[in-house]
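Using my numbering, read the sequence shown as starting at 1 and increasing by one per residue.
In case anyone wonders, no lab produced these hints; they're calculated from the structure. Hints may be right or wrong, so weigh each one.
20 Å max Cα-Cα, derived SDA-like pairs, lysine to any residue [what the hints assert, rightly or not]: (1) Lys164 <-> Lys249; (2) Lys273 <-> Ser346; (3) Lys13 <-> Val62; (4) Lys355 <-> Glu125; (5) Lys166 <-> Trp193; (6) Lys310 <-> Pro207; (7) Lys363 <-> Asn153; (8) Lys363 <-> Phe272; (9) Lys310 <-> Val62; (10) Lys13 <-> Ser346; (11) Lys191 <-> Lys108; (12) Lys291 <-> Glu373; (13) Lys13 <-> His339; (14) Lys164 <-> Lys273; (15) Lys108 <-> Val44; (16) Lys249 <-> Tyr222; (17) Lys306 <-> Gln208; (18) Lys310 <-> Phe272; (19) Lys220 <-> Phe272; (20) Lys203 <-> Pro247; (21) Lys324 <-> Pro244; (22) Lys324 <-> Ala133; (23) Lys164 <-> Tyr212; (24) Lys164 <-> Arg84; (25) Lys166 <-> Arg285; (26) Lys197 <-> Asn271; (27) Lys203 <-> Lys108; (28) Lys273 <-> Thr340; (29) Lys310 <-> Ala283; (30) Lys108 <-> Arg43; (31) Lys310 <-> Asn271; (32) Lys164 <-> Ala283; (33) Lys303 <-> Arg285; (34) Lys13 <-> Arg84; (35) Lys310 <-> Lys191; (36) Lys203 <-> Ser276; (37) Lys324 <-> Val62; (38) Lys260 <-> Val168; (39) Lys197 <-> Lys273; (40) Lys260 <-> Ser346.
Keep in mind the model is a prediction, meaning the values are calculated, not measured.
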Amino acid sequence: MNIDSNYAVNILKAMLEIYSPSGAEEEISLFLLDEMRRIGFERVWRNNVGNVYGEIGSGSPVILLCGHMDTVPGRIPVRIEGERIYGRGAVDAKSSLAAMINAAALLKLSNLEGKVIVAGLVDEEKGGRGIRALLRENININCAVFGEPSGINNITFAYKGHLKLKVVFKTPTGHLGAQHLLPNAIEECIKFWLRFKRVCEEKYKSPQGIFYSLTPTIAKIYGRGTTNSIPDVCSLGVDLRLPPTIPSKRAIEIIGGLIKEFIEESGCEINFKATSIVEPYVADRENIVIKSLREAVLEETGKEAKLVRKTGTGDMNIFGLRLKVPVATYGPGESRLSHTYNESISIWEYLTSIKIYKKTVEKISLLYRSLREKEH
């Protein structure tokens, strides 16, 4: 089948038209399964969580091109306006995955030495079930490129980690008219939150900037109270973004110590637990994936690529810490549009990223084999 710019735009548009928030990826997974078979991938399969894989080539190196099929919730009418295509996932990150599929299909027509596996993962936006399932499959991978919006001239080499916590405050209840006599679970929660945020700003804010700072955010808050009764339960959801200098264990110690102090002062009952942990990750800036991406970006855009650190968290964190192979994250799109209702991508940038992924794989293959020859 002819893989050209019309096909590339059409497959992205079709992917955007399939609404696939985390937990509802089956339709897009089956679509990509059929599509990769149709365009000539040599082996295509799905695993038991819904990840879809397509493979071309053989031998080594084995290069993983990894994207995700799920999006955050919120429908956006899919449309092309001028030189942009709109839709939920246009930036984060169906355009990256579509570009990887197109690049691999083009590589099949070349004399590539090595194997390329394109992976469309589930649950990246929520719990990371997809990447953990991929790691359990023990696929032999020599290096990987993850598809997330970095911008056409940027390469992401570092992500903060995250620690998601549920903190529950409990106090006695009573008549609202007795508010001067009884503690209020919601008020105690607010007092604690303000203290915790102040401590983070005073003790864990780095002069090197936000990437190296411990940054907390309220993700949700819920208070329980009946008519004319003082609230006796308040649940606080906290999202902590972890710099490379503060792993999750240390962050838990910090918040645990503050909670202990607050209990002694206030007398209220407080319980907390971690609901999600992803450690921070920083890739080697000189690895063969980053070198190859930099060369490909320069050749296709005429501009030097910039290496960037992201305050978010990606599947690269989990993968890189486990496998310890050369890795980087790259993809078209402006990350400031991710998760917004104005999510859209430049068609030129998307089509250019296909060429960049293709060239990157070719360069990785050459560098990998050159290094192996020197070792022997």
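Are any of the numbered hints broken by this structure? If so, which, sorted upward? Violated hints: 2, 3, 4, 8, 9, 11, 16, 18, 24, 25, 27, 28, 31, 32, 35, 36 and 40; rest satisfied.
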